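Full structure from sequences and hints, please.
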Amino acid sequence: MHYILSAAIRGAIPFIIMSILSWIMKLRHIDDYSVKSTFITGLIITAVAAASAIYDVKSWSLIKQSVVHFLIMLVTIYPCLVFSGWFPTKSILDLVKIFGFFLIVGIILWTISYILFGKILK
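Take 1 as the starting number for the sequence shown in full-length UniProt numbering and just add one per residue.
FYI, nobody ran anything at the bench for these hints, they're computed from the structure. Honestly, I wouldn't trust all of these hints.
Distance windows between CB atoms, simulated [unchecked claim]:
| id | residue 1 | residue 2 | range |
| --- | --- | --- | --- |
| 1 | I120 | H29 | 22 to 30 Å |
| 2 | Y55 | W23 | 17 to 25 Å |
| 3 | A8 | K119 | 25 to 33 Å |
| 4 | I16 | D56 | 42 to 50 Å |
| 5 | D32 | K119 | 40 to 48 Å |
| 6 | P88 | K64 | 18 to 26 Å |
| 7 | D56 | T89 | 18 to 26 Å |
| 8 | L74 | W23 | 40 to 48 Å |
| 9 | V57 | F99 | 21 to 29 Å |
For lysine to any residue, the following SDA-like pairs were computed, each having C-alpha atoms within a straight-line distance of at most 20 Å [as the list claims (entries may be wrong)]:
| id | residue 1 | residue 2 |
| --- | --- | --- |
| 10 | K58 | Y3 |
| 11 | K90 | Y78 |
| 12 | K97 | C80 |
| 13 | K119 | V57 |
| 14 | K64 | C80 |
| 15 | K64 | H2 |
| 16 | K36 | V48 |
| 17 | K26 | P14 |
| 18 | K36 | G85 |
| 19 | K26 | R10 |
| 20 | K26 | T38 |
| 21 | K64 | W110 |
| 22 | K58 | A7 |
If you're wondering where the values come from, they're calculated on a predicted model, not measured in any experiment. In this text, a Cβ means the ideal position worked out from N, Cα and C, and glycines have one as well.
Okay, here's the thing in structure tokens:
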């Protein structure tokens, strides 16, 4: 239960901030694409921040933590990328390209985090 609460708090903060920012942008008649992009960026930040609580579960191995984190990112971040309007989505190949981008960026960020938090700061 502690981990769920931690994830909720970590996710709620960026969600509230980015939602308010999107709402203000809408009220100021900023173009819809920018408002939508800001909101989707907030959803991505929310998912990443909330899912970071997984790495607090000390009884899980790094492999288990990473697999669970990847699965959460797959069901949250990947759909955000698909529906964001940032990439073409006219064919299955487009969806595969988005998935490839998702994987490459995920691997790079996971590796940087592993080196920074697992090696340097430890």
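Contradicted hints - numbers only: Of the numbered hints given earlier, those the structure breaks are 1, 2, 4, 6, 7, 8, 14 and 19, listed in rising order.
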